[in-house]
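*Asks:* Residue numbers (the numbering used here): 1 to 332.
It is possible that part of the hints are untrue.
Claimed, not checked - The list that follows gives simulated cross-link-like pairs (lysine to any residue, SDA-like), each with its CA atoms no further than 20 Å apart:
no., residue 1, residue 2
1, K307, G208
2, K67, G177
3, K146, G208
4, K67, R254
5, K131, P148
6, K50, A72
7, K133, A82
8, K307, G247
9, K50, G81
10, K67, F56
11, K91, N118
12, K91, R76
13, K133, H100
14, K50, H100
15, K57, N12
16, K272, G247
17, K131, G141
18, K272, P123
19, K57, W93
20, K131, D104
21, K307, T75
22, K57, R254
23, K67, K131
24, K131, N12
25, K146, W130
26, K50, S83
27, K272, G208
28, K57, K91
29, K146, P123
Since the hints were derived computationally from the structure, they do not count as laboratory data.
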Amino acid sequence: MAPADQWSVVHNDRRDSYDAVTVTPGGAVWVAGTRRPDRGTTGTESFLLKGGRSTFKRVTGPGFPVKRLASASDTRVWAFGASRYARWDGKRWQVRPWSHGRVDRAYSIGENLWVIENANVFPSAGDAKWKAKSTLRRLVGSAWRKVPTPIVVKGLDSAWAAGSVRGTAALAHWTRGAWRAVTLPAIPSAHPGQISELTDVAVDGETGRVMAVGWTAWPCDSAKPSFCGETLLLSGYPGDWNFEVRGEPGIQPRAQAEPDGRGGAWIVYDAKGGGSGFLHIGVDGVEPGAFPVPPNQNTSVRDLAIKLESRSVWAVGAAPSGRDGLIWAYGR
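Generate the whole structure from the sequences, applying the supplied hints.
*Replies:* As structure tokens, then:
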């Protein structure tokens, strides 16, 4: 396990790419990966790893490339691909067809299994006409039902959803079987043509503290299409919210959030020049840092998961080339 208060690399294979991770309440860590073919061969091999602490071994997969994972227990693990999804029941995979859109995020929250599909991302060059899009679905019996939402949802945790409404960062709360918009304060900084979005949310299980990450952007050069922007952090409780804007790390439309199990949250984003950086929201402030990588590797985090019972957090990733797969762990 990683040393206390430190992220460490616990698994490294330069041939692999790791795209998704989930941790069951029992502590099993599942990782979805792919391996590029060696020279002279064709086809990409997809596989699953299962482990914990520092030992990971290949296990039987559902028979299709897995892009997203979610879990509720050791006998309820879900894997999502492009045209199929499957549930692990502790002995075998039960595979079913997937006839909806691209699954971008998957969540097992209480009795609900959610997916966010066809979510778009604010382009790195900016776009004044950009509009947020996504679809939220919930598994009801054996059918995936589209769920109406008052905001465009980009991330979930507990009973909270992060996203935007008409170009402005927004939150929604799952109450009595429906999503309801939450009133937020105005963003502290305001610029002509400004748009904003929350990309993910993390909720502390003990205190109920809500923490979200997003971005705010605005046109900043009249001579050519270009955008300036800042990182947007939100924290607080219903009726008592606080926005913070940070010039660094700037616009981060893919930033993820996960609770740390200690009243705070990890915010992970792609760092300039490669790799991944983090902002750790603590009880008293925000601390920046970077994920460690072995020499001559350029791996970025692609997914996060936490086991709340032990407060251990896991991250997986790969380089843009589709190689240099790493698994990180943070534990106390």
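*Asks:* Taken at face value, is the distance from the CA of G208 to the CA of K307 at most 20 Å?
*Replies:* 17 Å, holds
*Asks:* Could you grab the alpha-carbon distance between K133 and A82 and see if it respects the 20 Å cut-off?
*Replies:* Holds - the C-alpha atoms of A82 and K133 are around 19 Å apart, at most 20 Å.
*Asks:* Between the alpha carbons of K131 and N12, is the straight-line distance 20 Å or under?
*Replies:* At roughly 38 Å apart (the allowed maximum being 20 Å), N12 and K131 break the hint.
*Asks:* Would the pair K67 and G177 pass a check requiring their Cα atoms to be no farther apart than 20 Å?
*Replies:* 28 Å, violated
*Asks:* CA of K67 to CA of K131, is that 20 Å or under?
*Replies:* 25 Å, violated
*Asks:* What's the verdict on K272 and P123, does the C-alpha distance respect the 20 Å limit or exceed it?
*Replies:* 16 Å, holds
*Asks:* Are the Cα positions of K272 and G208 separated by 20 Å at most?
*Replies:* Outside the cut-off at roughly 33 Å; violated.
*Asks:* Compare the distance between the alpha carbons of K57 and N12 with 20 Å, and conclude whether the hinted pair is satisfied.
*Replies:* 12 Å, holds
*Asks:* Would you mind confirming whether the straight-line C-alpha gap from K272 to G247 stays at or under 20 Å?
*Replies:* 14 Å, holds
*Asks:* Can the restraint linking K50 and H100 be considered satisfied, given a maximum Cα separation of 20 Å?
*Replies:* 28 Å, violated
*Asks:* When you check the alpha-carbon spacing of K131 and P148, does it fall within 20 Å?
*Replies:* Holds, at roughly 18 Å.
*Asks:* Hint check: K146 vs W130, CA-CA at most 20 Å. Holds or violated?
*Replies:* 23 Å, violated
Violation of the numbered hints given earlier is confined to hints 2, 3, 8, 11, 14, 17, 22, 23, 24, 25, 26, 27 and 29; the remaining hints are satisfied by the structure.
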